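There are 2 protein chains.
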Amino acid sequence: MSALPTAVSVPTLVEQARAGQPRAVARLISLVEDASPLLREVSALLVAHAGNAHVIGITGSPGVGKSTCTSALVTALRGTGRRVGVLAVDPSSPFSGGALLGDRVRMQDHATDGGVYIRSMASRGYLGGLAWATPQAVRVLDAAGCDVVLIETVGVGQSEIEVAATADTTLVLLAPGMGDGIQAAKAGILEIGDVYVVNKADRDGAAQVARDLRAMLALADRAGDVWTPPILKTVAAKSEGIDGVIEAIEAHHRWAQQSGELERLRLRRVRGEIEAIAVTAMRGRLADLHGHADLDRLAAAVIAGETDPYAAADIVVDTV
Amino acid sequence: MSALPTAVSVPTLVEQARAGQPRAVARLISLVEDASPLLREVSALLVAHAGNAHVIGITGSPGVGKSTCTSALVTALRGTGRRVGVLAVDPSSPFSGGALLGDRVRMQDHATDGGVYIRSMASRGYLGGLAWATPQAVRVLDAAGCDVVLIETVGVGQSEIEVAATADTTLVLLAPGMGDGIQAAKAGILEIGDVYVVNKADRDGAAQVARDLRAMLALADRAGDVWTPPILKTVAAKSEGIDGVIEAIEAHHRWAQQSGELERLRLRRVRGEIEAIAVTAMRGRLADLHGHADLDRLAAAVIAGETDPYAAADIVVDTV
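If you read the sequences in order, they're chains A and B.
Each residue of the first sequence is one higher than the last, beginning at 1 in this note's numbering.
Each residue of the second sequence is one higher than the last, beginning at 1 in this note's numbering.
Since no wrong hints were added, every one of them can be taken at face value.
Pairs count within a copy or across copies, as identical chains cannot be separated in the list.
With a straight-line cut-off of 25 Å between C-alpha atoms, the simulated SDA-like cross-links for lysine to any residue are: (1) LYS238 - THR80; (2) LYS238 - GLY177; (3) LYS233 - GLU247; (4) LYS233 - ARG254; (5) LYS233 - GLY177.
Derived from the structure by calculation, the hints contain no laboratory data.
These figures come from a predicted structure and were not determined experimentally.
Using the sequences and the hints, build the whole thing.
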């Protein structure tokens with residue numbers, strides 16, 4: 001648990017963050033990362049000031065150029081004067097905390113820009129998983145005055161899809177040479193994108209990727225959708241096509257606002273957040289009441305065939 | 001919830017599965033997939049007959065050839081007379097249930113072999129996630145007499161790592177052209193492999209992938225490990241190098257048995273399973289007591305800034 005420097009109270013910290021002080025913003029996100037007990041107070045103070053940011057999720061397989069694309073989007077958004085927050089979330093590695101060097105280098109361009117907050121988060125230490133931590137970190141950036149919050153995830157998987165569910169608009173990146181159509185379908189991306197981007201579009205095969213994607217999207221069960229996700233091409237490393245991506249993102253946002261989809265999405269998201277906090281609290285009670293020794297004894301009995309996991313779980317739940 | 005045909009009782013089904021009847025095995029795994037209330041009885045009957053199978057996890061980014069490699073391993077294992085179970089677990093797509101056509105085609109070779117059970121599972125519908133479902137499906141195959149159970153996951157992410165934690169031996173696949181070293185590190189695979197396989201080793205860049213991997217494994221924080229994961233090369237599509245993979249898997253298994261690592265691993269795994277069932281039960285109580293209307297009301301109050309997610313979660317927990 002991170003303690004605050006004794007001189008700084010939570011209300012002061014929240015005021016400083018709302019005034020745009022980067023150190024205060026960073027400290028508040030650290031409280032989220034450390035699952036600090038102070039979060040309860042932080043959350044109560046922030047909630048009235050959040051809800052203004054457009055939250056954009058950026059996902060895709062490793063190697064498609066998510067960091068480069070995120071960086072290019074930040075540059076373009078800053079060019080229009082908007083304040084931007086970036087959360088680079090790495091749900092795939094519970095082991096290595098913090099960002100990898102590669103990303104830090106790529107994001108270095110924005111390090112001295114006071115209108116950009118950049119933060120990496122690993123999933124380590126989140127009792128309730130990313131469903132618990134990501135919305136809280138987004139709320140900090142939102143209340144700190146970010147007009148746009150970009151959530152960049154590493155890889156594609158269940159956790160990444162959870163992260164995508166935190167966004168108002170989800171951008172899915174693909175690139176030539178990253179495996180065939182079936183691989184893309186396997187990655188589970190056909191159902192979650194609001195905007196699709198074929199990056200590295202100057203490479204061989206980009207047109208084919210776009211064609212395959214268009215065909216698969218037509219086949220995917222998206223019946224009932226009234227938004228048709230556009231497929232765009234970019235060369236993020238040269239900032240080519242980025243303006244088009246921003247236009248598509250904004251078009252989706254306007255549609256979501258007008259259709260009521262945004263309201264439904266946000267309601268679902270906050271409901272998920274409440275549930276995640278409640279489950280975390282219940283897990284906490286379970287951990288408090290049950291030392292590992294007891295659970296080890298039950299596990300050993302299951303391995304010996306003396307009891308089964310359900311009967312063992314009954315004992316655990318009853319004690320809670 | 002799947003009901004059983006009225007004529008078949010759970011004890012009869014378990015007996016049939018233990019006698020190696022594929023339909024009974026398939027039905028029991030369907031009960032796991034459907035989170036059937038009958039699982040409690042199934043579990044109590046199976047637990048005494050499980051614990052003999054060597055459980056092997058196979059993971060790696062989309063496109064490295066996991067399905068092809070799994071199929072080649074099945075052929076090789078069947079050649080030595082062992083009974084083999086295959087679980088293809090897709091945690092990345094909560095939306096599309098079942099296996100994709102590509103896998104079905106690749107696994108078709110084994111469709112008529114009575115010594116092989118093949119089953120795809122998507123994460124859809126698993127209240128407790130894969131941590132809950134995978135060990136139970138493995139237990140069915142184990143009790144049905146499989147000497148080896150292969151768990152193939154799609155993609156690499158937090159969920160895949162959870163799946164890997166269900167295995168006694170984890171195989172991590174890489175391939176040339178799947179992104180640079182940093183991408184591999186990002187994918188979180190450097191900490192979880194017991195055996196590394198560079199597949200598609202007849203392609204350009206395979207030697208470089210192996211070199212990079214060796215260098216990164218040397219840097220990765222695996223201090224305390226006494227097992228040094230080997231790095232092997234295969235061309236799974238031509239069955240080249242597969243015997244070497246099987247030797248390495250078996251060497252790891254012997255080491256794990258002799259060092260006590262296997263026992264520790266299995267204890268940790270069953271402890272995780274008990275916890276997952278307990279948490280699922282508590283979540284169930286939460287869902288029972290709280291209709292969506294209540295939760296929607298609380299979520300709306302949070303969005304309006306009238307309350308915060310923690311206070312809302314308190315109300316939820318207190319009611320439970």
